[in-house]
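All chains should be built: construct the whole structure from the sequences, respecting the hints.
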Amino acid sequence: MPMTIEKAKVTMPSDREVTVTRSFKAPRALVFRAYTEPKLIRRWLLGPPGWSMPTCEMDVRVGGNYRWRWRNDTDGKEFGFVGTFREVQAPSRLVHTESYDPGTVGDGYPSGGEALVTTTFAEEGGITTMTTVMDFGSKEVRDAAVKTGMTDGMEQSYQLLDGVLQEPGI
Amino acid sequence: MENSRLDATFLALADPTRRAILARLAGGEASVTELAAPFAMSQPAISKHLKVLERAGLISVGHDAQRRPRRIEGRPLAEANEWLERYRAIWEQNFQRLDALLEELQHTPARRPARKRTKKRRTP
Numbered sequence: 001m002p003m004t005i006e007k008a009k010v011t012m013p014s015d016r017e018v019t020v021t022r023s024f025k026a027p028r029a030l031v032f033r034a035y036t037e038p039k040l041i042r043r044w045l046l047g048p049p050g051w052s053m054p055t056c057e058m059d060v061r062v063g064g065n066y067r068w069r070w071r072n073d074t075d076g077k078e079f080g081f082v083g084t085f086r087e088v089q090a091p092s093r094l095v096h097t098e099s100y101d102p103g104t105v106g107d108g109y110p111s112g113g114e115a116l117v118t119t120t121f122a123e124e125g126g127i128t129t130m131t132t133v134m135d136f137g138s139k140e141v142r143d144a145a146v147k148t149g150m151t152d153g154m155e156q157s158y159q160l161l162d163g164v165l166q167e168p169g170i
Numbered sequence: 001m002e003n004s005r006l007d008a009t010f011l012a013l014a015d016p017t018r019r020a021i022l023a024r025l026a027g028g029e030a031s032v033t034e035l036a037a038p039f040a041m042s043q044p045a046i047s048k049h050l051k052v053l054e055r056a057g058l059i060s061v062g063h064d065a066q067r068r069p070r071r072i073e074g075r076p077l078a079e080a081n082e083w084l085e086r087y088r089a090i091w092e093q094n095f096q097r098l099d100a101l102l103e104e105l106q107h108t109p110a111r112r113p114a115r116k117r118t119k120k121r122r123t124p
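For the record, the sequence lines run as chains A and B.
Note that our numbering numbers the first sequence so that position 41 is 41, with each residue one more than the last.
Note that our numbering numbers the second sequence so that position 101 is 101, with each residue one more than the last.
Possibly wrong hints are sitting among the right ones.
One-sided and incomplete, this derived list gives chain A residues near chain B with beta-carbon spacing under 10 Å [stated by the list, open to error]: (1) Lys9; (2) Arg33; (3) Leu46.
Hint data in this document are derived by calculation from the structure and do not stem from the laboratory.
Just so it is clear, CB atoms sit at the ideal spot from N, CA and C, and this is done for glycine as well.
Quick look at the structure:
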């Protein structure tokens with residue numbers, strides 16, 4: 001039975017993956033639309049303040065491509081992601097590849113590293129829980145992608161951090 | 001925070017024994033003998049783990065020359081946690097915008113006749 005996740009939860013379920021989970025007060029058909037229709041995506045998938053999404057192309061069918069680009073409002077620099085849909089099961093499941101497009105930002109994101117992103121939408125009692133699993137294919141690419149060199153046991157580490165940080169005097 | 005330092009922190013945290021040592025030290029400082037006691041490990045093996053933790057700046061050695069107690073250093077942990085929190089916060093910002101969008105869409109007259117307007121809800 002899915003639990004309601006009111007705040008985005010980030011975990012590292014394996015060496016290669018990062019998972020983000022969050023619940024929404026809406027039927028999953030609507031959440032799925034917000035996740036797949038460019039007009040809607042551009043309203044929320046913006047990252048930190050100061051970025052807009054000038055490019056959002058979605059060809060949501062197996063073998064179809066997508067292209068996302070963000071622009072920094074201050075210096076006009078852009079970066080993005082591109083990929084191909086591998087599975088499309090509206091409104092419950094979406095699988096696509098994801099490659100970094102350095103645009104004019106460049107950045108140290110691993111070049112050629114293609115992630116496989118699986119997003120599932122589970123609805124219960126009018127609440128939809130969206131789970132996104134990003135599989136970077138290898139520990140090396142994931143670590144580079146998240147730029148922290150995180151190693152196995154990260155999730156436990158995070159839980160430990162939670163515990164440790166609650167100790168007095170820290 | 002430098003990436004290399006963060007790498008050292010996460011590498012040090014990747015081992016279950018080292019996490020257990022940190023959990024123990026979170027409760028107060030302890031000598032190598034005291035730290036070794038709960039583990040089926042030799043003192044040199046424990047000392048090796050302590051070296052890794054020390055190099056990562058996660059623990060330090062107290063002033064008592066006899067006991068040489070180890071104690072936890074909170075800053076690297078706090079910094080590592082901060083990084084993850086930043087990553088999470090970016091997602092959370094996106095999702096809060098998505099919350100607002102979904103709310104708006106549910107209050108906009110339905111385009112499809114199948115969707116009943118009576119389902120319309122108000123947030124508490």
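Structure-based check of all given hints:
Restraint check, A:Lys9 versus chain B: the minimum CB separation of about 8 Å is within 10 Å; hint holds. Because the beta carbon of A:Arg33 sits about 8 Å from the nearest beta carbon in chain B, less than 10 Å, this interface hint is met. The interface hint given for A:Leu46 is met, as the beta carbon of that residue sits about 7 Å from the closest beta carbon of chain B, less than 10 Å.
In summary, the structure agrees with every hint in the numbered list given earlier.
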